[in-house]
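Asks: Given the sequences, and given the hints that come with them, work out the whole structure.
From first to last, the protein sequence lines are chains A and B. Quick note: the first sequence uses our numbering, first residue 4, plus one each step. Quick note: the second sequence uses our numbering, first residue 141, plus one each step.
Do not rely on the hints blindly, as some may be mistaken.
[Unchecked claim] To give an idea of the interface, some chain A residues facing chain B are shown, with a C-beta separation under 7 Å as derived from the structure:
{"hint": "1", "residue": "P79"}
{"hint": "2", "residue": "L82"}
{"hint": "3", "residue": "N125"}
[Claimed, not checked] For each label pair, taking beta carbons as the anchor points, the in silico distance ranges come out as:
{"hint": "4", "chain 1": "A", "residue 1": "T73", "chain 2": "B", "residue 2": "S271", "range": "25 to 35 Å"}
{"hint": "5", "chain 1": "A", "residue 1": "I122", "chain 2": "B", "residue 2": "G419", "range": "53 to 63 Å"}
{"hint": "6", "chain 1": "A", "residue 1": "G186", "chain 2": "B", "residue 2": "S590", "range": "51 to 61 Å"}
{"hint": "7", "chain 1": "B", "residue 1": "N561", "chain 2": "A", "residue 2": "E29", "range": "18 to 28 Å"}
{"hint": "8", "chain 1": "A", "residue 1": "S5", "chain 2": "B", "residue 2": "E592", "range": "36 to 46 Å"}
{"hint": "9", "chain 1": "A", "residue 1": "Q43", "chain 2": "B", "residue 2": "L566", "range": "25 to 35 Å"}
{"hint": "10", "chain 1": "A", "residue 1": "D31", "chain 2": "B", "residue 2": "G441", "range": "45 to 55 Å"}
{"hint": "11", "chain 1": "B", "residue 1": "E233", "chain 2": "A", "residue 2": "S5", "range": "50 to 60 Å"}
{"hint": "12", "chain 1": "B", "residue 1": "D558", "chain 2": "A", "residue 2": "Q43", "range": "35 to 45 Å"}
[Unchecked claim] A few chain B positions that, by computed beta-carbon distances, are all more than 12 Å from chain A:
{"hint": "13", "residue": "S156"}
{"hint": "14", "residue": "E393"}
{"hint": "15", "residue": "L399"}
{"hint": "16", "residue": "Q556"}
{"hint": "17", "residue": "E559"}
{"hint": "18", "residue": "L566"}
For the record, the hints were derived by calculation from the structure and aren't laboratory data. Even for Gly, the Cβ is constructed at its ideal location relative to N, Cα and C.
Residue-level listing of the chains:
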Amino acid sequence: MSEDIIAALKENVIQGRQNKDDEGIEEDMAGTPGVLELTQAALEKNIPLEDIITQGLTAGMQVVGEKFSTKEYYIPDMLASAQAVGAAMDILKPHLESSNVETKGKFAIVTVKGDIHDIGKNIVAILLKGAGYEVVDLGIDIPTEKIVEYVREEKPGYLGLSALLTTTMVAMGEIVEALKKNGLRDKVKVLIGGAAVSNEYAQEIGADAYCVDGFEAVRVLDGFQESRT
Amino acid sequence: MPREGILVRNPYERISKEQVLQIHHAALEILMDPGMMCFNRQAADIFHSSGAEVTSVSPGDRSAWLVKIPEKLVIDALDTAPKTVKLGARNPENTLIMRGEEPRVYFISGSETNIWLDVDFPSYVKKSDPSTEIRVPEFRPRRGTVADLCMSAHVCEHLETLDGYIRTVNIQDKDITEDNKDVNKFFASLNNTTKHVMSGLTSLKQLDNVVNMAKLIVGGDEELRENPIISFITCLVKSPLQFVEDTTDTFIEICKRGLPIVVSSSPQAGTTAPIKEAGIIAQINAEVLAGITLGQLVNPGTPCLYGSVPVRARLDTLGDSYGSVETSQYNIDCVQMARFYKLPNYSTAGVCDTKTPGIQSSIERLFSQILVTLSGPQYLHCAYGLLDCNSVFCLLQAVIDDAHFQMIKFFLKQPQIDELNIAETLKQTREVVETPQKLYINYIRRVMRSGELSMPYPFEGDGDRDAMFELANNRMQEFLAKPVEHIDEGIAKKIFQNIPGLLPRLNVYEERRQ
Numbered sequence: 004m005s006e007d008i009i010a011a012l013k014e015n016v017i018q019g020r021q022n023k024d025d026e027g028i029e030e031d032m033a034g035t036p037g038v039l040e041l042t043q044a045a046l047e048k049n050i051p052l053e054d055i056i057t058q059g060l061t062a063g064m065q066v067v068g069e070k071f072s073t074k075e076y077y078i079p080d081m082l083a084s085a086q087a088v089g090a091a092m093d094i095l096k097p098h099l100e101s102s103n104v105e106t107k108g109k110f111a112i113v114t115v116k117g118d119i120h121d122i123g124k125n126i127v128a129i130l131l132k133g134a135g136y137e138v139v140d141l142g143i144d145i146p147t148e149k150i151v152e153y154v155r156e157e158k159p160g161y162l163g164l165s166a167l168l169t170t171t172m173v174a175m176g177e178i179v180e181a182l183k184k185n186g187l188r189d190k191v192k193v194l195i196g197g198a199a200v201s202n203e204y205a206q207e208i209g210a211d212a213y214c215v216d217g218f219e220a221v222r223v224l225d226g227f228q229e230s231r232t
Numbered sequence: 141m142p143r144e145g146i147l148v149r150n151p152y153e154r155i156s157k158e159q160v161l162q163i164h165h166a167a168l169e170i171l172m173d174p175g176m177m178c179f180n181r182q183a184a185d186i187f188h189s190s191g192a193e194v195t196s197v198s199p200g201d202r203s204a205w206l207v208k209i210p211e212k213l214v215i216d217a218l219d220t221a222p223k224t225v226k227l228g229a230r231n232p233e234n235t236l237i238m239r240g241e242e243p244r245v246y247f248i249s250g251s252e253t254n255i256w257l258d259v260d261f262p263s264y265v266k267k268s269d270p271s272t273e274i275r276v277p278e279f280r281p282r283r284g285t286v287a288d289l290c291m292s293a294h295v296c297e298h299l300e301t302l303d304g305y306i307r308t309v310n311i312q313d314k315d316i317t318e319d320n321k322d323v324n325k326f327f328a329s330l331n332n333t334t335k336h337v338m339s340g341l342t343s344l345k346q347l348d349n350v351v352n353m354a355k356l357i358v359g360g361d362e363e364l365r366e367n368p369i370i371s372f373i374t375c376l377v378k379s380p381l382q383f384v385e386d387t388t389d390t391f392i393e394i395c396k397r398g399l400p401i402v403v404s405s406s407p408q409a410g411t412t413a414p415i416k417e418a419g420i421i422a423q424i425n426a427e428v429l430a431g432i433t434l435g436q437l438v439n440p441g442t443p444c445l446y447g448s449v450p451v452r453a454r455l456d457t458l459g460d461s462y463g464s465v466e467t468s469q470y471n472i473d474c475v476q477m478a479r480f481y482k483l484p485n486y487s488t489a490g491v492c493d494t495k496t497p498g499i500q501s502s503i504e505r506l507f508s509q510i511l512v513t514l515s516g517p518q519y520l521h522c523a524y525g526l527l528d529c530n531s532v533f534c535l536l537q538a539v540i541d542d543a544h545f546q547m548i549k550f551f552l553k554q555p556q557i558d559e560l561n562i563a564e565t566l567k568q569t570r571e572v573v574e575t576p577q578k579l580y581i582n583y584i585r586r587v588m589r590s591g592e593l594s595m596p597y598p599f600e601g602d603g604d605r606d607a608m609f610e611l612a613n614n615r616m617q618e619f620l621a622k623p624v625e626h627i628d629e630g631i632a633k634k635i636f637q638n639i640p641g642l643l644p645r646l647n648v649y650e651e652r653r654q
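Replies: Pasting the structure below:
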C-alpha cells in the first residue's frame, strides 16, 4: 500500500499533476489523485518523510530531468512537475521542521531595484522549489537596503539576484558591496542571473555564481550542497 | 481519402480581375496575330480541320505552318477541359484531387536535372587553435544515375510534405539509351515511391511500354483510367509561340490515351518572351491555351494541367533566373490565369540560382516557396532540392525543403478564433492574474501535445554552431534506412517479363537473391 502511494506520487510528479483536476500527459488521469492528494495520503499512512521526498518527489523529478534532456519534455513540463513538487513541499514543511530530516536550505530570490522583469525569476523560483529548496520570492524592484535587511533577519543560505537590463544590473554590485559592509557576505551565497549579466560580470562584482537559466541554478545550488557535505 | 495538401483560403492575388481579362484578351489576340508557328504537320492538320487558318510557311528546309487559332476554338477547348483532375497513386491514400477553382496546394519534386550533388563532411582543424576541429559540408557534383533516381524517390516517399514525385535527375548511366530511358526512369520512380509519378517522355516509341507498365501495376486499362498512377509533362510549345515537331507528336499520342498531361511552357523574359510582366504573361498564356486547345481537339476531355514555368533572364549569362523576384511574380500571375479558366495549375517555386545549398539558396528558395504557395497553385513543382537554375539536384536540400514546407503548411492552418477559444481565454486570464507568478505556462502543455504549436526548426544545432547540414544529413540517412513499399514481387516479375529494356539491377527481388 505504501509502495503504491509512493509509486503513484512519483508517476504524478512525472505527469506534472499537482492535484486531481490536472490533466497530466497520459489520457484519463484527470480525476485521479494528484501530487497534493497523494502527499496528504502518504502523511496519513505515516510513510517516512524521507521516503516521500526521495522515492516519490525527487525520484519523479529525476525522470522528468531525463525526459527533458532527451527533448521528450519541454520547459512547461518541467515547470508543471516542479510546481507539483513545490506544492507538496509546502504540505511537508511543518512536518520537516518537527523532524530531523535535513532540508536543502532557504533561497531568497529578487529582481533588483529599477527592474520589474520577473518571468525568469519566477521560473527559477519554481524550479528550485521543485528541487527541494525553500524558496522565498522577495518580489520586483526591491531596494538594496531591503534585501540586506532580509538577509540579516531571515538568514537565507542563498540569495538570487535577477536583472534584465544593463541599466539595472549595476544594483547587483551594490548589493554585494552592501552585504560586505554589513558583515553578511560570508553568510550567504550570491547567485546572479538575467539577460544582461554574465559569468564575467559575476566575477567582477564578487558574486558566487552566474546561472544562465533555472536549470543551472538547480545544478549550482546542488553543487554547493555537495561541497557542504 | 486523397492527400490533403494545404488549402489556401484567401489566396494572394497579384493582378486585378481587370488585368486578368486584359491578359486573356491579349493572349487571344496573339493566337490570331501573329498566331502559332507550327513545326508539326499532324497538329497543323488538326487545327486546319477544326477551322483554324493554317498557312504553309516552311522557313529553310523545315516544314512549318502558321496557325491562327480563333477565339471560338480556345473557348470550346476550355469548356471540354476537365476542371477537376485526379492524379492517382500506387497507394490510393496518396491520390491528388485538383480542382481548378480550389486553391489547394500540393507540393511536388522535379524537375529533371543533369547533375546530382553529393555531400560529405570532411573535418578541418583551426589554425589558431589546433584543438578545435569542425566538420564542413562539401558538395560534389556528378552526372545523375538510375541509382540516384531510386534513392531520390525513396527519400521523397518519406518526406512528409511532398505530395507527388517528378523525377529529379536525368539518368545518364552507360547502359541507358534513348530506347530504354523512359521505362527505366518510370520504373525506378514507381518502384520506390507510392506517391503519384509524373515525368516527361524521351522517346515516343516508349509511350506504350510505359503505359503498359502502369497497367500491370494497377491491374488493367480501366483501372489505370480510374487510378492514373502516372502522368506526363510535355513542352510542346517552344517560346516564342512555336509548336515543336517531336514533343507535339508525343503530346498528341498521350492525349489520345486520355492520360493526365501538363501543357507546359517556359518562356524566359528578356530573351524568348518580352521583358515586361504584361508581355511574358500574355505570351505564356497564349502558349498554354494553344496547347490545351490542341489537346482538347485531339481528345475532348483529356485531363490537362495549365503548366507554367515562366522565368526571367539573368542579365550576366542570359540563363534562367529562378531566384529572381520577378520569376515569383510571373508564376503567381499564371496561377491567377489558370484559376480564371478554372483549370488546375502546375506552377513553379523553390529553385535557386546558386549552385550549392547555403544561405543564398535558402533565401532564394524560401522566398518563392512562400509567395507562390500563398497564391494557391494546385501542383507546385520544382519545389524540392533544385539548385543552379534547375540544373542541379541535391537530396540533402530536398530534406531541408521539406522542413520549409512544414513551416509554410503550419502557417496556412486556419486561425482558431471562435467562441470556444475566446471563452477559454477569458477563463485563463482570470485564473492567471490570481496566481503569484502570473504566467500562462501551465496552459501550454495540452496545446503543445495537441499539435497546435509549430515545432522548433528541426535542424537546429546546440550552441553557437550552425549544424543545419549535418542534422539534415542525419535525417536523410534515416530516410534512406527506412524501407519503402516496392511494387509487389509478382507484379514486378510480370513487368520484367513484359516490358523491354528494363535494367536487371532495378529488380530488387532478384538483387536480394544474389
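Asks: Tell me, which hint numbers fail for this structure?
Replies: The structure breaks none of the hints.
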